[in-house]
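Participant: Given next are the chains, with one letter for each unit.
Protein chains: 2
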Amino acid sequence: MSDQAEPGFVRVRLDLSYDGKDFSGWAKQTSRRTVQGEIEDALRTVTRSSVTYDLTVAGRTDAGVHARGQVAHVDLPEAVWAEHEEKLLRRLAGRLPLDVRIWRAAPAPAGFNARFSALWRRYAYRVGDRPGGVDPLTRGHVLWHDRPLDLDAMNEAAALMVGEHDFAAYCKKREGATTIRTLQKLRWVRDPATGVLTATVQADAFCHNMVRALIGAALFVGDGRRPAAWPAEVLAAKVRDPGVHVVRPHGLTLEEVAYPADALLAARAAEARNVRTLPGAGCC
Amino acid sequence: MSDQAEPGFVRVRLDLSYDGKDFSGWAKQTSRRTVQGEIEDALRTVTRSSVTYDLTVAGRTDAGVHARGQVAHVDLPEAVWAEHEEKLLRRLAGRLPLDVRIWRAAPAPAGFNARFSALWRRYAYRVGDRPGGVDPLTRGHVLWHDRPLDLDAMNEAAALMVGEHDFAAYCKKREGATTIRTLQKLRWVRDPATGVLTATVQADAFCHNMVRALIGAALFVGDGRRPAAWPAEVLAAKVRDPGVHVVRPHGLTLEEVAYPADALLAARAAEARNVRTLPGAGCC
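Read top to bottom, the protein sequences are chains A and B. Here my numbering runs 3 ahead of the position in the first sequence, where the first position is 1. Here my numbering runs 3 ahead of the position in the second sequence, where the first position is 1.
Chain A with its partners taken away, still in its complex shape (with noise of 0.2 Å):
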């Protein structure tokens, strides 16, 4: 997984959107539909190419999580991709399946890597608290929380939680993976219109379900099952807590990657590697 394509090839960003309801997850497993699968099958068949060509995705997302805002990159010889460059997108487009949209494919800068380069990951979790249920026509990407929920307790909640700490009680243990993430965004609104609450979460990684996990003991802050210091109780105490729920995924959407101006990619890249080991494993 190296910061530059190998002579003879050109690495090819690609911004991207899927719903997740349908895959179980985004990385390649045998016989399971998966995101990665689905792009790597169109790939190799709009290039009419008999290998399969790669992504590196920024953040690898567990079945049932949505994405707007995902990126990739890919290795591709660069033959192929001066023959197919015009018209890849619109290629895919008609060979992809509609659950999976891919906005843009263009030559990446020099250093770039879809995960490494990557400074932050904002996720967006959405839930829908009116008594009757969630709009039908969102209801697969908002979940329907059954009690009325308090902004302010949520928001008061949140901002103990900012900053970088040992997430250990929000994550699922990996061996020999370390748990410290900076929290930089954790934050709540609610839509006027629609009375939908989103919540903002946006870090420079995130371990395996500390998203889902983190959102699970904000709604019992919100419904007021607990007191808006408990969830950074847990945290403090850095082990895993069974009163933290993790939360279903199909409220979960990566909305955005974010990467550095194209000069500092490769430095980027090189500093993920070596400040923390990122997980290999799945993100949320």
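Hints are computed from structural coordinates only; laboratory data are not their basis. Yeah, the Cβ is synthetic: ideal placement off N, Cα and C, and Gly gets one too. Incorrect hints may have been included.
Among the chain B residues that face chain A by a calculated CB cut under 7 Å, a handful are [stated by the list, open to error]:
1. S20
2. D138
3. R142
4. H144
Chain B is nowhere near these chain A residues, computed Cβ spacing over 12 Å in every case [as the list claims (entries may be wrong)]:
5. D18
6. D22
7. Q39
8. D138
9. G143
10. H144
11. N158
12. H168
13. T182
14. G219
15. R228
16. T256
Using the hints, position chain B against chain A.
Facilitator: Okay, now just chain B, sitting in the frame of chain A:
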């Protein structure tokens, strides 16, 4: 279909939403899954009744058409209403499938008829024209148009259609039914964040296929295949024009039904029955 509940009955107004994707439309049909059928079954079950209480609806939507602001009424025996009033919403929420939600169930004012008392219906039709397709998370209620659309041209054409006209050119013919309608609003906006174009279409009532034919004509103007004056020329001809493409149903959502002040409900119902023979069949 009177404007008063029979003695011993309470007329209950229901405000509801549904995702039309997996329904054969609103109106009950044997061996077909319909919105009316699902709700009447749920009502029968939660009230433990042996009889079915028939629903009267404001806008009978076709297969695949959604609703966010649909209104219906049902006449329930006073004893049934008294027993179930308090828990009806929560029980219906538990019994109904997630693609139908009832937000409110409350006694209707005297003279209320969900269909005939309505002043107007407001629909939205949503279209995406990004080359890559439509956001996978909203593809269920947004149509993809594979050519870029000119908002100004579409609004120029739309302005020529507003007012009271014979919309025969845009309606599925139905013997004995008038196609005179008052199109109160036809206006396009583009969401700056998503790029999705939304048409707001509001009229006292619609004849069958009218909205989707109006949208089909507008899209031909938007992508440059037809001039802005064309839809109005078709309108003036008063005969169904094969050049008018009826767009697919999934972009269409009934957003709101408006009613007059309580004191005017009965008069409005009488007016709606007399002035025009409102269509017995489908609406959009």
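Participant: None of the hints should be skipped; say for each whether it holds.
Facilitator: Tested hints:
1. S20: Holds - the Cβ of S20/B comes within 7 Å of chain A, reaching about 5 Å at its closest.
2. D138: Nearest chain A Cβ about 6 Å off; hint holds.
3. R142: Since the shortest Cβ distance to chain A is 5 Å, the answer is holds.
4. H144: holds (5 Å)
5. D18: violated (9 Å)
6. D22: violated (4 Å)
7. Q39: The claim stands: Q39/A keeps its Cβ more than 12 Å from every Cβ of chain B (closest is about 15 Å).
8. D138: violated (6 Å)
9. G143: violated (7 Å)
10. H144: Not fine: 5 Å to the nearest Cβ puts H144/A too close to chain B.
11. N158: holds (23 Å)
12. H168: H168/A clear of chain B: closest Cβ-Cβ about 31 Å, beyond 12 Å.
13. T182: For T182/A, whose nearest Cβ neighbour in chain B is about 30 Å away, the distance exceeds 12 Å, so it holds.
14. G219: Non-interface label stands for G219/A: nearest chain B Cβ at 21 Å, farther than 12 Å.
15. R228: holds (19 Å)
16. T256: Given that some Cβ of chain B is not farther than 12 Å from that of T256/A, nearest at about 7 Å, it is violated.
Hint compliance for this structure: hints 5, 6, 8, 9, 10 and 16 are not met, and every other hint is.
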